[in-house]
Amino acid sequence: DAGVIQSPRHEVTEMGQEVTLRCKPISGHNSLFWYRQTMMRGLELLIYFNNNVPIDDSGMPEDRFSAKMPNASFSTLKIQPSEPRDSAVYFCASLSRVYWAEAFFGQGTRLTVV
Amino acid sequence: SQQGEEDPQALSIQEGENATMNCSYKTSINNLQWYRQNSGRGLVHLILIRSNEREKHSGRLRVTLDTSKKSSSLLITASRAADTASYFCATANSGGYQKVTFGIGTKLQVIP
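Chains as they are written, first to last, in our numbering: chain Y, 1 to 114; chain H, 1001 to 1112.
Quick caveat, the hints were computed from the structure, so don't treat them as lab data.
We put the CB at the ideal spot given by N, CA and C, even for glycine.
Keep in mind that a hint or two might mislead.
[As the list claims (entries may be wrong)] Footprint (simulated), chain H over chain Y, 3 or more residues, beta carbon under 8 Å: (1) 23–37; (2) 82–96.
[What the hints assert, rightly or not] One side only, chain H facing chain Y, incomplete, derived with CB under 10 Å: (3) S1012; (4) I1013; (5) A1019; (6) Y1035; (7) Q1037; (8) G1040; (9) L1048; (10) K1099; (11) F1102.
So that you can see chain Y by itself, here it is in the shape it has in the complex (with noise of 0.2 Å):
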């Protein structure tokens, strides 16, 4: 398997325009996280699926801040409209259905807002 993949791997945009950040996880596994990473507030999880249902979202930080997963093989992270503040890596992980599993994460989209 080629592990996660994210797309794109880079991203700028200017400020008010739409966003969309795609992931395809590891084939067979049930669960997805999305993430967000930036120096002042680490590895914060916006929002994670359980067989393609959004079970908490808790973490997305604003209504302008969108998760879907319409198959087990994609999920789309969409920011409209995009602020500056929204800068940051974002990564996706996949985990399997087995208990004792360890989250795979793929490179991550680095989102620059200008």
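Given chain Y, put chain H in place with the hints provided.
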């Protein structure tokens, strides 16, 4: 919200020395995991310890878990320059769904 908190936040040692990082957490857990992140890269899983385990080894890594104190430690023995990275503990909550949350990390520098 952050679950784990690593201590220290930064650590600088000489190559060959041992490095110890600590992690405290707040709620009941299913397991605790340690990850490494090299600058600008994704996180890589190092080791997982279950809530019913007290100690685990993997190569030069030793992890302990004290559920009564809600704390864990990661020991890297005979450190190498290549161990320079940030290290994070992550906890998976007990209960139905495994929600994996991270601490702020320890930045380790190993000086050759």
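Residue hint H/Y1035, partner chain Y, criterion CB-CB below 10 Å:
For H/Y1035, the interface hint holds, since the closest Cβ of chain Y sits about 8 Å away, which is under 10 Å.
Can you verify the interface hint for H/K1099: is its Cβ closer than 10 Å to any Cβ in chain Y?
Holds - the Cβ of H/K1099 comes within 10 Å of chain Y, reaching about 6 Å at its closest.
Restraint: H/I1013 near chain Y, CB-CB cut 10 Å. Satisfied or not?
Violated - the Cβ of H/I1013 stays beyond 10 Å from chain Y, reaching only about 22 Å at its closest.
Given H/A1019 as an interface hint, is its Cβ closer than 10 Å to any Cβ of chain Y?
20 Å, violated
Coverage of the stretch 82–96 of chain Y by chain H (three or more Cβ within 8 Å):
holds (count 3)
Using the nearest Cβ pair, does H/Q1037 come within less than 10 Å of chain Y?
9 Å, holds
Status of the hint placing H/F1102 at chain Y (closest C-beta pair under 10 Å):
Where the cut-off is 10 Å and the nearest Cβ of chain Y is about 4 Å from H/F1102, the hint holds.
How does the stretch 23–37 of chain Y fare against chain H when you require at least three residues with a CB closer than 8 Å, holds or violated?
This one holds; 3 residues, not fewer than the three required, reach chain H with a Cβ under 8 Å.
Given a cut of 10 Å on the nearest C-beta pair, is the interface hint for H/S1012 held or broken against chain Y?
Violated, about 18 Å.
The hint names H/L1048 as touching chain Y; please verify it with the least Cβ-Cβ distance against 10 Å.
5 Å, holds
Using Cβ atoms only, decide whether H/G1040 comes closer than 10 Å to chain Y, and label the hint accordingly.
8 Å, holds
Of the numbered hints given earlier, the model fails hints 3, 4 and 5; all others are met.
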